[in-house]
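**Student:** Fit chains B, C and D to the supplied structure of chain A, relying on the hints for placement.
There are 4 protein chains.
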Amino acid sequence: MIIVMQLGATQEQVDAVAHVIKNLGHEPLVLPGEDRVAIGIPDSLGQDERIRFEAILSAMEGVSKVTQTSRPYKLASREFHPQSTTVRVRDVAIGPGTFTVFGGPCSVESYDQFLGAARMVQAAGAKVLRGGAFKPRTSPYSFQGLALEGLKIIKQVSDETGLVTVSEVMSGDMVSVVAEYVDILQIGARSMQNFPLLIEAGRSMKPIFLKRGPSATIDEFLLAAEYVLSQGNPNVILCERGVVPIDRSYTRNTLDLASVPVLKEYCQLPVVVDPSHGTGVAKYVQPMALASMVAGADGVMVEMHPDPREALSDGSQALTPKQFEALMDQIRGLAGYLELSL
Amino acid sequence: MIIVMQLGATQEQVDAVAHVIKNLGHEPLVLPGEDRVAIGIPDSLGQDERIRFEAILSAMEGVSKVTQTSRPYKLASREFHPQSTTVRVRDVAIGPGTFTVFGGPCSVESYDQFLGAARMVQAAGAKVLRGGAFKPRTSPYSFQGLALEGLKIIKQVSDETGLVTVSEVMSGDMVSVVAEYVDILQIGARSMQNFPLLIEAGRSMKPIFLKRGPSATIDEFLLAAEYVLSQGNPNVILCERGVVPIDRSYTRNTLDLASVPVLKEYCQLPVVVDPSHGTGVAKYVQPMALASMVAGADGVMVEMHPDPREALSDGSQALTPKQFEALMDQIRGLAGYLELSL
Amino acid sequence: MIIVMQLGATQEQVDAVAHVIKNLGHEPLVLPGEDRVAIGIPDSLGQDERIRFEAILSAMEGVSKVTQTSRPYKLASREFHPQSTTVRVRDVAIGPGTFTVFGGPCSVESYDQFLGAARMVQAAGAKVLRGGAFKPRTSPYSFQGLALEGLKIIKQVSDETGLVTVSEVMSGDMVSVVAEYVDILQIGARSMQNFPLLIEAGRSMKPIFLKRGPSATIDEFLLAAEYVLSQGNPNVILCERGVVPIDRSYTRNTLDLASVPVLKEYCQLPVVVDPSHGTGVAKYVQPMALASMVAGADGVMVEMHPDPREALSDGSQALTPKQFEALMDQIRGLAGYLELSL
Amino acid sequence: MIIVMQLGATQEQVDAVAHVIKNLGHEPLVLPGEDRVAIGIPDSLGQDERIRFEAILSAMEGVSKVTQTSRPYKLASREFHPQSTTVRVRDVAIGPGTFTVFGGPCSVESYDQFLGAARMVQAAGAKVLRGGAFKPRTSPYSFQGLALEGLKIIKQVSDETGLVTVSEVMSGDMVSVVAEYVDILQIGARSMQNFPLLIEAGRSMKPIFLKRGPSATIDEFLLAAEYVLSQGNPNVILCERGVVPIDRSYTRNTLDLASVPVLKEYCQLPVVVDPSHGTGVAKYVQPMALASMVAGADGVMVEMHPDPREALSDGSQALTPKQFEALMDQIRGLAGYLELSL
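Those protein sequences? They're chains A, B, C and D, same order as listed. Letter 175 of the first sequence, counting from 1, is numbered 175 in the numbering used here, and no numbers are missing. Letter 105 of the second sequence, counting from 1, is numbered 105 in the numbering used here, and no numbers are missing. Letter 227 of the third sequence, counting from 1, is numbered 227 in the numbering used here, and no numbers are missing. Letter 340 of the fourth sequence, counting from 1, is numbered 340 in the numbering used here, and no numbers are missing.
Honestly, the hints are just simulated from the structure, not real lab data. From a predicted model like this one, the values you see are computed outputs, not experimental measurements. Glycine is no exception: its CB is placed at the ideal position from the N, C-alpha and C atoms. Among the hints, a few may not be true.
[Stated by the list, open to error] Chain C regions said to be covered by chain A (calculated; three or more residues, Cβ under 8 Å): (1) 3-15; (2) 234-248.
[Claimed, not checked] Pairs of lysine to aspartate or glutamate residues, derived as DMTMM-like cross-links and limited to a Cα-Cα distance of at most 25 Å, are as follows: (3) LYS283(A) / GLU12(B); (4) LYS74(B) / GLU54(B); (5) LYS65(D) / ASP247(A); (6) LYS322(A) / GLU265(D); (7) LYS283(D) / GLU79(A); (8) LYS65(D) / ASP219(B); (9) LYS152(C) / ASP173(D); (10) LYS65(D) / ASP247(C); (11) LYS322(D) / GLU54(C); (12) LYS322(A) / GLU54(B); (13) LYS65(C) / ASP247(B); (14) LYS283(D) / GLU54(C); (15) LYS206(B) / GLU79(A); (16) LYS283(C) / GLU265(B); (17) LYS152(B) / ASP247(A); (18) LYS283(C) / GLU339(B).
The shape of chain A in the complex, shown without the other chains (with noise of 0.2 Å):
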């Protein structure tokens, strides 16, 4: 932590700080400049001293600002984990080498439907299977999903066709339910902060899933993985969707392609990135889906439907079977040529 003093601050304002931190169990370390001073605290302090520390210092006189100098996260730091994770669901391994498909509709609308989606996903090559049992949804009016009955269906659908599923559960106390027909557990990305469903996800020791706030820094991104990881649970996947956009009338969110060289390079996790609800445009899901295999990350998450026209949500973000298949050839050819296996 360094404490920059104003200018013309007087000796006695900095002997003050300097006193303060000392009475605080820390060794100051004076920084004497030609305009102004600033005051290290060398240590490293925790969370809660760095609050603390921060509303009594930058309420003394003559402190011009306090600054942290290092990053909160500890379990989500590659800094301190230098090998990447990979994280491993049955047959399915997500991590560096691999790029991975999770594809299938946005809700589990019926057994059929589910039954038909799970099928051309697989057809198609991908190996995670998604739908939404429980749905966020914006307005009280629209389609909640079918909670339970999905879930069920997600289960037999997996048990039928052999594929790795993933499932969003909204809050804490539905955590053992989900957990117990789903392979991997998603986290929304208005769910991101949901400090008591990290914690029981965490808990559950399943695969977590793990959705970027639409205004989430990255900071806080990691920070809500290390809620995760600080339950014993190292199965963390991170995804970017999107973040809060400049301009909504041509797509619905905007795509942080960057993050993902970013999360990569701060963390050890796998990233994947959802390129439907990172635009919320059927037709601009196939080139920023292969930019992102091209960014470096781990996977795409993809919805597509048997009819988008007839989906009870998010119908005008999905793929058709027939732009999903396209897709997945592309994908396995730039997959060849990036070396990385589907």
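**Tutor:** Below, chains B, C and D without anything else, positioned relative to chain A:
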């Protein structure tokens, strides 16, 4: 709903769109124009119909875009509810003609700390006491609140002082517990789209203090209120607490004060401003609290702490008791000028 | 400048950084820490040195990040200029203790329209008349202003009424022309970083009304002011006019009212708020104008038009003469309460 | 244009709106609905008519909102210009089927530095040389470029190497000067709405490299292009270079890569991506440059410097010659795979 055709769309394409609308059970109204045709669906559509129609129609050949003509919220709409809601909690009325101050520390830290804060809040003339027992914290390593013990302290302090209380509940399964100890249930900014929580909050029939999410549009905010209202609970207080900022280096959020007259115009519910989180800096709380009054807010929520430098959370935005008193004096003065009762 | 080393940086890497700093002509100060080392450069650095040092040092092995310790502006900094600036134009003083209203139409459309507007502005009690002769318009097909003819009208109306005038100049080569006809030169939001214009505006020695760009940080805004000040022209008025919004459907911009106390704290220059552009909606101008007063602004700029429905630009945000009068009455009342002279 | 009436608007209010539209010279089309009425104006309106009509109609009693049905740009619209534009500069063709790399230093610092950079750029296989003679700098204390001397160096180096050149022009009055020395005129992000500059750039008939402003919507960006095109100059290259970020601590901007397919769909002009400014960090340039190719961009602009540590501006985002070469190799490989000619 209006479907705008592309420039040069053929008569066949226009007819096809009209035909599909008829098949969907609605009567299309074709608007021929100089350089392009638009087609209206005059009937009002349900939320799911909208989504499905938009998916179907926007995918048709010759269609340029599909736009909605009405706001998606009904119960939270002043068009449907012209009379302003006053939320009453014991002797406190929150609504037109009054200005209610919600004061207190970020977190309940101990009985002594909270009683001390309550006495100061009461002596300064505020009517509602705030304090967190469950704290949503960005980092898992930060103080997470006293939980049930905190709730008990809140209840005890409320009994001793007679102050109305508000405290956050973070998940649906905790609503009934928090509702036992606290007068008003707060739903935090990061939980604004925690839909299971919104539904349980609605069912509790307790007054709900709903904070706007940091990147929530006005429609999303009012739809979150709609979730609560749709459970038959009319007692929702809306709280503006700042949106994601362009610049994080001087304030933590951008307080969107113009949302006050916008919300008051489109919605019948009372609106309260939180300048403590809205700026994140103690010294800007006073000007923004007073500005909120003039902008038409029904109250403010202000963090204070018996000793901000000892606060276990958010110390840098909390007022000292002396600053809080000074603010209350200014609020009292301005309320006199504006003819608002405190 | 502080260089924070990576976790586990070797002693050799720390020494190498210290060595490079010495070679660059500065004395490094090494701060050993528990889990990582930081290295300070206590000397104050020029802007170019900072950039070069940051590039050099951040590329060195073992370096985690490089942070600046001081604000980049000097002439626009209250630390260096503790006394508040009052900008004086004829009999109008813009600064502490006063509240100046800048009123008038978006565009000068004709002599009659502008004189009519001026008479109304004056009768209502405002001191400065605004009106655009050169209009920056998003579309090339929109009304672009009367140009030189508009300037002449401004001058003539100013001579007849005695009102101080402000009008926008859009390029450096037009500064001397506009300066001939107008009292205060406005630099629009979209020109905030038009650096040749800022320099010419500074050289003109005229008072400069500088609008904040829609995505400008506080530092960028004050550095734009610094451009003007660095030419020896101390008469800059800062104008907050809204930043890019989260939600464009209810207001055009998000008025960042907390920037008023922020700017007043860090900079000595007067601050004026433009609630007309800041919201883009006539009915929100009144609450936001009054809120600006309470927040500490030194004035407001308000669009009015003799007949907004006939306005050639931005009609939907202009007040009618009657609304403008009503607003002036409320401003007068509140100014009395706040002990500000109009 | 569609006028949506309020819920419960009276027949008189609907009639009044229809009457006003008739008086304005257009035929209203009333769309009765279940719970509210909408009124269409089928004729296409000019930009000024739109603004005036919106002001008039939105102020009428009973009106809820007024929405536009068509895009405001024409010359920059693929609807009107279905065939993609290829911009040709000497032997370089920028458009479909090719991928053009614009490389070079941020600033021209000296003849030797610039010639050195040019030789490296050429040896690595890039076709266009970039370099700033006039530098828009946030701070007045930063290096502002060599100005005319810089232009002369650019010309001389272009003559010696045969490379096509691009350089920024910052004001309308400098267009003819810069146009004498440089092949392609760049309009920087901060000048995107410098309308006098856009008009002069259009008149020059030179190819224009137009960067998107940091908070510009797609419509605003295409209207800026429209300014140039409306002068009869069809040779505009659009450049995506990042928008205002949610988080400034890991990258300087958020590269909005999905804008590439959006722009390509709605506009016939070539689109180039600038990953150097788009991220602000040298190590993220490579993944974002390659992702741009796959996303459908027609080229990339990449900053490189013979010695980034000695760069007088933006050193931390420039590639070293070695990194630039490695990037060119990867671009060449991927271009082969994608069947694009370099």
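**Student:** Now tell me if each hint is right for this structure.
**Tutor:** A quick look at each hint next to the structure:
1. 3-15: Holds, because 4 residues of the segment 3-15 of chain C bring their Cβ atoms closer than 8 Å to Cβ atoms of chain A.
2. 234-248: Contact hint for the segment 234-248 of chain C vs chain A: holds, 3 residues under 8 Å.
3. LYS283(A) / GLU12(B): Satisfied, since the Cα-Cα distance of roughly 24 Å is no more than 25 Å.
4. LYS74(B) / GLU54(B): 20 Å, holds
5. LYS65(D) / ASP247(A): The hint holds at about 20 Å.
6. LYS322(A) / GLU265(D): With Cα atoms ~21 Å apart, LYS322(A) and GLU265(D) stay inside 25 Å; holds.
7. LYS283(D) / GLU79(A): Holds, at roughly 17 Å.
8. LYS65(D) / ASP219(B): Between LYS65(D) and ASP219(B) the Cα gap is close to 15 Å, so the pair holds against 25 Å.
9. LYS152(C) / ASP173(D): Given pair LYS152(C), ASP173(D) holds - Cα atoms ~23 Å apart, limit 25 Å.
10. LYS65(D) / ASP247(C): The hint holds at about 16 Å.
11. LYS322(D) / GLU54(C): Given that 25 Å is the threshold and the Cα spacing comes to 20 Å, the pair holds.
12. LYS322(A) / GLU54(B): Holds, because 20 Å separates the two Cα atoms, which is no more than 25 Å.
13. LYS65(C) / ASP247(B): Within the cut-off at roughly 20 Å; holds.
14. LYS283(D) / GLU54(C): 15 Å, holds
15. LYS206(B) / GLU79(A): 47 Å, violated
16. LYS283(C) / GLU265(B): Holds: LYS283(C) and GLU265(B) sit about 10 Å apart, inside 25 Å.
17. LYS152(B) / ASP247(A): Violated, at about 47 Å.
18. LYS283(C) / GLU339(B): 21 Å, holds
The structure shown violates the earlier hints numbered 15 and 17.
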